[in-house]
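Undergrad: Letter by letter, the chains look like this.
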Amino acid sequence: MKINGIRIDNTFAEGFSMQATRILITAHDRRWAAIAAEAMTGFATSSLVCGCEAGIERELSPDETPDARPGFAILLFAMNSEKLAKQLQSRVSQCILMAATSACFAGIQSNQPVPLGSLLRYFGDGWQVSKVINGKRYWRIPVMEGEFVCEESTGMVSAIGGSNFFILATTPSSALAAAEIAIEAIRHLPNIIMPFPGGIVRAGFKFSSRYKNLMFSTNHLFCPTLKGQVNSALDRETDAALEIVINGLSELDIRQAMRVGIQSVCALGREHGITRISAGNYGGEMGSFHFPLQEILA
Amino acid sequence: MTPLTFTLKMVPPQRVDLSNLVPHLLAHLSLTDIAGLPLPCGNRTLRVDNLFEITGKNPEKLLFYNTCNTLDSIGNNMQGGIIRVHGEVGAYLGQNMKSGEISVFGNSGMYVAAGMSGGELYIQGNAGSFLAAARPGEPMGLRGGRVIVTGQAGDRVGDKMRRGLVLIEGDVGDYCGTRMIAGTIAVFGQAGRYTGFGMHRGTLLLSQPPLHLPVTFNECGQYDLLFLRLLAQVLHYANSPKRTSLSKPVHRFVGDMACQGKGELLILNAAKPS
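The listed protein sequences correspond, in order, to chains A and F.
1145 is the number of the first residue of the first sequence in my numbering; add one for each residue after it.
1469 is the number of the first residue of the second sequence in my numbering; add one for each residue after it.
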């Protein structure tokens, strides 16, 4: 399959079953909402190392937030509900509670609640106050700046993580330019995050290593500098590969994000140095969700 | 279907208990059955059709017309549906109400919303004393839901109130929020003497300082409290003029220090009370 002279590999991305939640962070102004959101989603690229994968889903205008202040919607993914609850708790307590003027609200409803303010309230040392407003319980925790307001809990849903596609190009700068365009196109879609720095992975990995203490190591088949040493997946004209990893709340969300991202890259055409689109998988044995590139783009 | 309508034919000789006339109890009854339902009146029992002319069919929506202040317990233990009353009502309006909607276009008597735990009660008029308060012997008053009074309310509003929201656009009498356990009372008129006396927890939101604040309330300063922005959503209703005033700093007092002292009295107008 070729689009605009760019080859689409007959392969598939492999996604894993995860648990996810959404929270809304607000603050006095956009700057402090962004500071809280960025702190909350920091060091959350891979659940294997960081404990969770998190990212800013989108910016919220004051008329979209419960307290009519600027805010951000955050999606947080973990391998199971216990890890999700633990990560959410520690991140909200250290990144949002501590951020000036911030507040935290539930961003998703489900019949599986995850504690938010219900545990954080103990920080109030007995001075915390509960308010039930419109059927939702909020906690007012006294802090040195005034009060931190946090909703009792948020919802947890089943989700998918680890889906991806590779952008292969003649030069690193061509690959980066194309990846940035893909990120910009995907960023506007709902229920999706790209948890890696800037949405892009430059060090894709495989689940094996010659060192016994390591679970994973560099994806040597896609490393251009090793083309002469290994049975490389890169052809002669390809000298750079970047990966975009996508986590989403449903299979449909991820398929749409992959389609939008790949199409935006293909719209550039072969003349912009893009040679191929590929994807990472582990033979289809580790993840329960498969995203075949050609089927998605058909 | 047209709403089931009860039009009062005569002023009853004594107080009448209308507990039987709620949507969930009328749902499966014919008009004949409804006409024969008993209504306790003093030491006698009247039939519904002795007092009311009955028209309409839909028991999910009840209309009362030409009512008077001796009709008690309207909406008692209500579990859904709608009741609209055009005229005055007696005591115990919405008592133990669990869900649904009651609107009264007239004044109401004592103990409105006593023991109410859900739903919405709207009075376009005045409410008597003990609005949202606990009945004698009961441990709690209002336990949930929203009560709106566009006129004035009497003494002891929210006595022993446990949860929920009471909004009064006009003045309230003395002892507002006494022995309050939790919940929120907003008064946009003048509150009387001994406001918050014996208050344990909860929020009293006043537009102006009360006539008298117990000495067991301490001042905390003036703050722009974020939760008031959330509260503004539930204070807002059709024709409500009060929503925007909640984004200003409020003067905060806490008390009653003789009773746990975790209640708060928030005054929108920052002038210090006497």
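Hints listed in this document are in silico derivations from the structure and should not be mistaken for laboratory results.
There could be a bad hint or two in this list.
Once the Cα atoms are required to be at most 27 angstroms apart in a straight line, the calculated BS3-like pairs of lysine-lysine come out as [stated by the list, open to error]:
hint, chain 1, residue 1, chain 2, residue 2
1, A, LYS1371, A, LYS1146
2, A, LYS1280, F, LYS1730
3, A, LYS1280, F, LYS1525
4, F, LYS1566, A, LYS1280
Which bits of chain F does chain A cover? Going by a derived footprint, with three or more residues having C-beta under 8 angstroms, they are [unchecked claim]:
hint, segment
5, 1686-1694
6, 1698-1704
Note that CB positions come from ideal geometry on N, CA and C, so glycine has one too.
Undergrad: With reference to the structure, classify each hint as holding or not holding.
TA: Now the hints, each set against the structure:
For the suggested pair LYS1371(A) and LYS1146(A), the alpha carbons sit about 24 angstroms apart, so the restraint of at most 27 angstroms is met. Annotation: proposed proximity of LYS1280(A) to LYS1730(F) holds, straight-line Cα distance about 21 angstroms (limit 27 angstroms). Between LYS1280(A) and LYS1525(F) the alpha-carbon distance is near 36 angstroms, which puts this suggested pair outside the 27 angstroms criterion. Between LYS1566(F) and LYS1280(A), the direct Cα distance comes to roughly 17 angstroms. Compliance with the 27 angstroms bound is thereby established for this hinted pair.
Proximity of the segment 1686-1694 of chain F to chain A, defined as three or more residues with a beta carbon under 8 angstroms from a beta carbon of that chain, is established by the 4 residues found. With 4 residues having a beta carbon nearer than 8 angstroms to a beta carbon of chain A, the segment 1698-1704 of chain F meets the requirement of three or more and the stated coverage holds.
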